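Starting from the known structure of chain A, arrange chain B on it as the hints suggest.
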Amino acid sequence: MSELFTVGADWQRLPSNAASAKRLGALAINLPLAIAATVGTGLLAEWGWPMWLVAAAGVAWTIWRVVRAGRWTRSFAYLEREQDLLITAGLWNKQFSAVPYGRMLSVEVQSGPIARLWGLASVEIVTASMASNATIPAVTAETAAGLRDRLIAAGEAQALPL
Amino acid sequence: MSVSEPQPSAPADAPARPAERPHPLTPLIRGWVVLLAILIAISKEFLPNGSDDGFRLPPLTWLFGGIALITVAAAAVGFISWRFTHFITDEHELRIDTGMLFRQSQRIAYDKVQGVDVVQPLAARMFGLAEVSIDIGSGARPKVRFLTLSRAHGMRDYLLARAHGVRPAEVITHAETGSLLTGLSGHDQVLVTVPTRTLVVAALTTHELLTAIIGLAIAAGLAAWVGHPWVGLGIAVPAASAIFGLVSSRVLKQFNYTLSRRSSGLRITRGLTTLSSHSLPPRRVQAVQVSQSLLWRRLGLYRVDLEVIGFSISDEQDSDKVSSIMLPAGSLEQARICLDAIWPQSGWEQLTDRLAPSRARWLHPLSGPFLRWGHDGRFVVTRHGWLVRRWQVVPLARAQSLSVHQGPISRRLGLADLRIQTGGHQVMVVAEGLNAAELATELPQLCQLQRARVERDPTVGPAPVSFAELAQAGPEAVRADQAVETISDSE
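Each protein sequence line maps, in turn, to chains A and B.
When we follow my numbering, the leftmost residue of the first sequence carries the number 1, and every step to the right adds one.
When we follow my numbering, the leftmost residue of the second sequence carries the number 1, and every step to the right adds one.
Any given hint could be a false lead.
Stated by the list, open to error - Computed, partial: chain B to chain A, Cβ under 10 angstroms:
id, residue
1, Q400
2, H405
3, R419
4, G423
5, A436
What the hints assert, rightly or not - Covered stretches of chain A (in silico footprint by chain B; criterion: 3 or more residues with CB under 8 angstroms from a CB of chain B, positions within the stretch not fixed):
id, region
6, 3-16
7, 79-89
8, 101-113
9, 125-139
Stated by the list, open to error - Beyond 10 angstroms from chain B on every Cβ pair, some chain A residues (computed):
id, residue
10, G48
11, A57
12, E142
Since the hints were derived computationally from the structure, they do not count as laboratory data.
If you're wondering where the values come from, they're calculated on a predicted model, not measured in any experiment.
For every residue, glycine included, the Cβ atom is placed at its ideal position computed from N, Cα and C.
With the rest of the complex left out, here is chain A:
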């Protein structure tokens, strides 16, 4: 409907196994939370019906996240332009952000245990603002390394003091 979040053909997408990593990540966070909430409610409500309600909600929420992970990953796209990095993501809450290389303070590449299973890494651009959220959540390790080097080179070339 709106052209705000349209993604052109030249935009980069996340690799397909990023969805699997996100699914497992969602499971790893959601299941313990759901179990803890269920047991907590069970203790309070003496193992009555509220416990089953919470358990059902927890399971539903986990399934929802696991199912949506694929669509969310496909919605994510980024574009390296000459002077800035554009990122767009989101299904219900759509977000678009533009971060110029000149404002970049550092680039952080991270790879957690789940991401490593698929050989993935996240790339984050750190700016002087806490609110800047420029993270590419999962790309292959080689892409991450290349991206990091290109971003640092561009940042150095275009950096100006604050």
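Same frame as chain A, but now just chain B:
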């Protein structure tokens, strides 16, 4: 009454000045603070605190003997520390040497100086002394305490001139004595002053105070409902002290607020007990917010807050707390003067020409009619809020990044929010309820933050600076321009 005192034009390899010591009264002032702290501690310890058994004073001779002993010891320590404190304004750096047992030598290169404040705590002010606090961009500020006021001003002017890259031989310091109450002198062109009456009225009607009072009322109601007076007291006492603290800080810290302009830049002077004088470097201002709370609308009062990078980090115990308030309370005219002083010809009021479409009222039922925004390549100006109305001005040259957000309801209505991230976290710049289709066409232009940084810096002046020129001049050119006195506030 300005005595010009040219710096000795010494050869480059010789030290420009001999070592200096702080004013001999320094240990007395520091000792006074120690004595005061002891007295407060003792009075807290021994004053009757409601219960009968706690009130037992030790013999008076012991008490006074103890106080005298501690005071003498503090004075001795103070004297020794004064005796071993030297500062030297060298060819390339300011050196501060302290300590007898543990020697410490701080060296501050002039080109690292971001700003210099002259602060007068009450005790120092009674003796006409002042402290020079140097902003080098990090949390801890090197300090020279205490100097005579004229020497402190001279040192500030010298450091600032050197930070701007002026050769030592060219620096001429104006040893001047300003008015005792405001610290201003004939060099200053006064732009804005806030009378005490306005400050008091503003402090009593601010929305922060109203929220505190409403919170207190709710607490009192809860206490009455619970039925135990102690519960109410436990809430009421801290709340009352918080309210008192808020009002007194707004009045005492901002007392005699004056914004003035002089050759070295903008300067803000304020404070009743502690007079602080510091200047405001327009280059470091990231964003400005003008706000008006519910009651202030009747009174026609506005407040101006600044986002200055690095200033939101405050260190309370080191009295380095930096205020982000540029104008505590003033008329619209005064708010305009403040903004014009930082960014001349910003035209921020004319810029808010886009009204939010009327369908935005579904999502923003209360603030809908007030929502506006606008931009012109250099600035983005937004207007939002209901109980507290806010105007936010951010130069694109200072934006760290920008983002567009759209939730499910916004998408149905064809709306979107624009957020601009700046350094720091005092002012969150957001434009709500924008026409999504309109924004989509303008987004490519707004996204050119890097070009805005290079070509459209509002503090650089009307002549556009080309990227090649800047690159040639190197970062020093920009940094020297940056090194102006900073705005800060201490008590």
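Taking 8 angstroms as the Cβ threshold, is the statement that the region 3-16 of chain A is covered by chain B upheld or broken by the three-residue rule?
holds (count 3)
Can the hint on H405 (chain B) be confirmed by a CB-to-CB distance to chain A that is less than 10 angstroms?
Since the shortest Cβ distance to chain A is 5 angstroms, the answer is holds.
For the restraint on Q400 (chain B), tell me whether the closest CB of chain A is nearer than 10 angstroms.
holds (4 angstroms)
Cut-off 10 angstroms, beta-carbon criterion: hint that A436 (chain B) touches chain A
holds (4 angstroms)
So, R419 (chain B) near chain A? Judge it on the closest CB pair being under 10 angstroms.
holds (7 angstroms)
Coverage of the region 79-89 of chain A by chain B, judged on three or more residues with CB within 8 angstroms:
Satisfied; 3 residues make the cut.
Verify this label for me: A57 (chain A) is non-interface relative to chain B, using a Cβ-Cβ cutoff of 10 angstroms.
Fine: 21 angstroms to the nearest Cβ keeps A57 (chain A) off the interface.
Counting residues of the region 125-139 of chain A with a beta carbon closer than 8 angstroms to any beta carbon of chain B, are there 3 or more?
Satisfied; 8 residues make the cut.
Quick one: work out the minimum CB distance from G48 (chain A) to chain B and report holds if it exceeds 10 angstroms, violated otherwise.
Given a closest Cβ separation of 30 angstroms, the condition holds.
E142 (chain A) remote from chain B - nearest C-beta pair above 10 angstroms
holds (26 angstroms)
Once the shortest beta carbon distance from G423 (chain B) to chain A is found, is it less than 10 angstroms?
holds (4 angstroms)
Take the region 101-113 of chain A, compare each residue's beta carbon with every beta carbon of chain B, and decide whether three or more fall closer than 8 angstroms.
holds (count 3)
When the structure is compared with the earlier hints, no violation turns up for any of them.
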